[in-house]
Structures are given as C-alpha cells and as structure tokens.
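Okay, here's what each chain looks like letter by letter:
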Amino acid sequence: DQQVKQNSPSLSVQEGRISILNCDYTNSMFDYFLWYKKYPAEGPTFLISISSIKDKNEDGRFTVFLNKSAKHLSLHIVPSQPGDSAVYFCAASARSGGSNYKLTFGKGTLLTVNP
Amino acid sequence: DVKVTQSSRYLVKRTGEKVFLECVQDMDHENMFWYRQDPGLGLRLIYFSYDVKMKEKGDIPEGYSVSREKKERFSLILESASTNQTSMYLCASRTYSGSPANTEAFFGQGTRLTVV
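Protein chains in written order, with my numbering: chain C, 1 to 115; chain H, 1001 to 1116.
If you are wondering where the hints come from, they were derived from the structure by calculation, not from laboratory data. Possibly wrong hints are sitting among the right ones.
Unchecked claim - Each pair of labels, with its calculated beta carbon distance range: (1) C:Pro-9 to H:Ile-1060: 12 to 22 angstroms; (2) H:Ile-1077 to C:Asn-67: 38 to 48 angstroms; (3) C:Thr-112 to H:Met-1054: 33 to 43 angstroms; (4) H:Met-1054 to C:Lys-54: 28 to 38 angstroms; (5) H:Met-1027 to C:Lys-54: 23 to 33 angstroms; (6) C:Gly-16 to H:Thr-1015: 25 to 35 angstroms; (7) H:Ile-1077 to C:Ala-41: 22 to 32 angstroms; (8) H:Val-1012 to C:Glu-42: 18 to 28 angstroms; (9) C:Lys-71 to H:Ser-1080: 35 to 45 angstroms; (10) C:Leu-11 to H:Leu-1041: 41 to 51 angstroms; (11) C:Ser-69 to H:Ser-1008: 39 to 49 angstroms; (12) H:Val-1052 to C:Asn-67: 21 to 31 angstroms.
Only a predicted model underlies this, so the values are computations on that prediction, with no experimental measurement involved. We treat Cβ as the ideally placed atom computed from N, Cα and C, and that holds for glycine.
Whenever a hint applies, use it, and build me the whole structure from the sequences.
Below, the structure is given as structure tokens:
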C-alpha cells in the first residue's frame, strides 16, 4: 500500500522551460513534505520542504505547492537547467508515536533537461 | 555541515554470509534510518531508530536487523545474505524538533551491496 505516489517515472523538458514534478499522498496524518534530488551512485540531497500549514514555499528556482484537500504536492523548477537532470523523490513525514517521525518516500521521477 | 558516513561504498558478499553495514552521523541526531533503493521501487524503509537502543520496523524489515548502541552509530545487519538483498543501501539521520517535525533528513553516500 503505497502512501506516497509519484505516478510519472520520467519527465523530459527543454533547458530554460519549467519542470513540474507531481506527488500524491494518501495518509492524512502526513504533516511535513520534502523533495530530494538524487544522482546515480550518490545519496539523496535535500532540496526544499513544506509544512502542512502552508500551501507554498519558494527557494530560488524551486517552488513547492501543497494542496491538502487534494492530497497533492508539486515541485516547480524554473528555469530548468541541464544540471537539474536527476531522480527526484517526494517524501512525507508523520508521527509514528512519541518522538518517532517516519519518513516515507515515493518511487521517484527521473527528470532529464535537454540543452 | 552535517555528515553521515557509511562505512563502505561497495561490498560484495556471498549468499549466507552475515553482513554488517555501518553508519555514523556527527550531528547528535535522535532519528536514524536505513533505506534500500531499487529500480522502479524508490526508497523503501527497512528500519529506523528514534533513540539509543530504540528501533522500529519499517516497511520491509524481513531478513534484516539493526543495532544502535551509541547515538551516533546505526548498524544494519543482514543475518544471512541472499541474492534478493542486492541493492543500494542508504542511511539517513534527522533531528527531532517537536510537532510537526520540520527538519530534513541527511543521507550518507550509499553502499552498493552485491550478494553472489
């Protein structure tokens, strides 16, 4: 039972255009959402996050939007650059009990930015 | 900078061997995690620990155990390695900051384990 879903395995965009990566979740207890970027043979690196009390968070070229009623979030990258080519993971956090906060990841979306 | 260090980048082990994957973090984080990454399956949580000697099963704990004797170190143990445990293993740590937990997890560089 997948609680965090990234339904697009891959996305290809032209350099300079907008990249939109989507993520859906099913667990209404999730209260914090994160996006990670991963290159092959490396660990994921944190990109941007959003708390459930907000609907938008922006950091430079990266903006994350959260629609709680639809249980949907998206990552916008503008403008896209070839160096953005990587796998992007959506993750969500929920309290598991006490101070236990479990991080659940989606399957990832491979973004390719073409020069 | 937070540093999460995994003891090996690449490992090759034989079927049936007991395998230890070590992870050390230097930021006094309470929470530590072990994930495995497989093509088409994303990052799946094996185990996590929220304090010394405390652990909780993730989504795919079968065939694995963990140990957290010190706060900075979280070990993943494959009791009897099998070929279906060939994977990329990723360790992460995260601080606990109350509710909601509005902090990111930091990952190590990963260990590519091949079981032959």
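Consistency of the hints with the structure:
1. C:Pro-9 to H:Ile-1060: 12 to 22 angstroms: 20 angstroms, holds
2. H:Ile-1077 to C:Asn-67: 38 to 48 angstroms: Holds: the Cβ-Cβ distance is about 41 angstroms, inside 38 to 48 angstroms.
3. C:Thr-112 to H:Met-1054: 33 to 43 angstroms: 41 angstroms, holds
4. H:Met-1054 to C:Lys-54: 28 to 38 angstroms: Cβ of Met-1054 (chain H) to Cβ of Lys-54 (chain C): about 31 angstroms, so the range 28 to 38 angstroms holds.
5. H:Met-1027 to C:Lys-54: 23 to 33 angstroms: Check passed, 25 angstroms falls within 23 to 33 angstroms.
6. C:Gly-16 to H:Thr-1015: 25 to 35 angstroms: Because 50 angstroms falls outside the window, the suggested range is violated.
7. H:Ile-1077 to C:Ala-41: 22 to 32 angstroms: 24 angstroms, holds
8. H:Val-1012 to C:Glu-42: 18 to 28 angstroms: Given a distance of about 20 angstroms, which is inside 18 to 28 angstroms, the answer is holds.
9. C:Lys-71 to H:Ser-1080: 35 to 45 angstroms: 40 angstroms, holds
10. C:Leu-11 to H:Leu-1041: 41 to 51 angstroms: Between Leu-11 (chain C) and Leu-1041 (chain H), where Cβ atoms are some 19 angstroms apart, the hint is violated.
11. C:Ser-69 to H:Ser-1008: 39 to 49 angstroms: 45 angstroms, holds
12. H:Val-1052 to C:Asn-67: 21 to 31 angstroms: Distance hint for Val-1052 (chain H), Asn-67 (chain C) is violated at roughly 39 angstroms.
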